[in-house]
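Kindly generate the complete structure, drawing on both the sequences and the hints.
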Amino acid sequence: MVHEDAGHYAAKHPGGKIDKAISDAIAGKEKEGRITCVAAHAISKKLACSPQVVGMNIDLLEKRIRRCQLGLFGYGLKKKKAVKPAIMVTKTLKTAIRKAMDGDCITCQAAWTLAKEMSLTRLEVSSACEAMKIKISKCQLGAF
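In our numbering, the protein residues as written are 1130 to 1273.
Note that these hints are calculated values from the structure, not bench results. Every residue, glycine too, gets a C-beta built ideally from N, C-alpha and C. Hints are supplied without guarantee of correctness; some may be wrong.
Straight-line alpha carbon distances no greater than 25 Å define the calculated DSS-like cross-link-like pairs of lysine-lysine that follow [unchecked claim]:
{"id": "1", "residue 1": "1264", "residue 2": "1213"}
{"id": "2", "residue 1": "1220", "residue 2": "1245"}
{"id": "3", "residue 1": "1192", "residue 2": "1175"}
{"id": "4", "residue 1": "1223", "residue 2": "1213"}
{"id": "5", "residue 1": "1209", "residue 2": "1141"}
{"id": "6", "residue 1": "1210", "residue 2": "1262"}
{"id": "7", "residue 1": "1210", "residue 2": "1192"}
{"id": "8", "residue 1": "1228", "residue 2": "1245"}
{"id": "9", "residue 1": "1192", "residue 2": "1209"}
The calculated label-pair distances, taken between Cβ atoms and stated as ranges, are [said to hold, decoys possible]:
{"id": "10", "residue 1": "1219", "residue 2": "1145", "range": "36 to 46 Å"}
{"id": "11", "residue 1": "1161", "residue 2": "1231", "range": "29 to 39 Å"}
{"id": "12", "residue 1": "1246", "residue 2": "1162", "range": "27 to 37 Å"}
{"id": "13", "residue 1": "1246", "residue 2": "1266", "range": "13 to 23 Å"}
See the structure below:
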């Protein structure tokens, strides 16, 4: 969705229905109409559902996701990126990122998996992607 669509997130899910348990969990974690990526993923684990289902419910409730764990959105007053391009990216990490790519980008899930496998932070992986000019796609919560 583009910036102009802000506040109309439910439109992404025509016919979507709010799950009461997920809705209650979101209400317990959100502040001022926003919920962090960390909190959304915690709800997913606690309720044994996919992050995508939690994200859909966040959209249906017209809430915003903030503080992406890859640093891609929801930081500061202007809701900008926290991630900056890495100054240096090792050959090993470059190779691993390229191998994990789906077409010309890497998915959010693949970036998370790569971080775990290489004992890196998620922000380190996204920072390397920024330096390599590789886009991260398919947010697990459906934000992008």
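Open item on the list: When the structure is checked against the list of hints, which entries are broken? Sort them ascending.
Closed with: none
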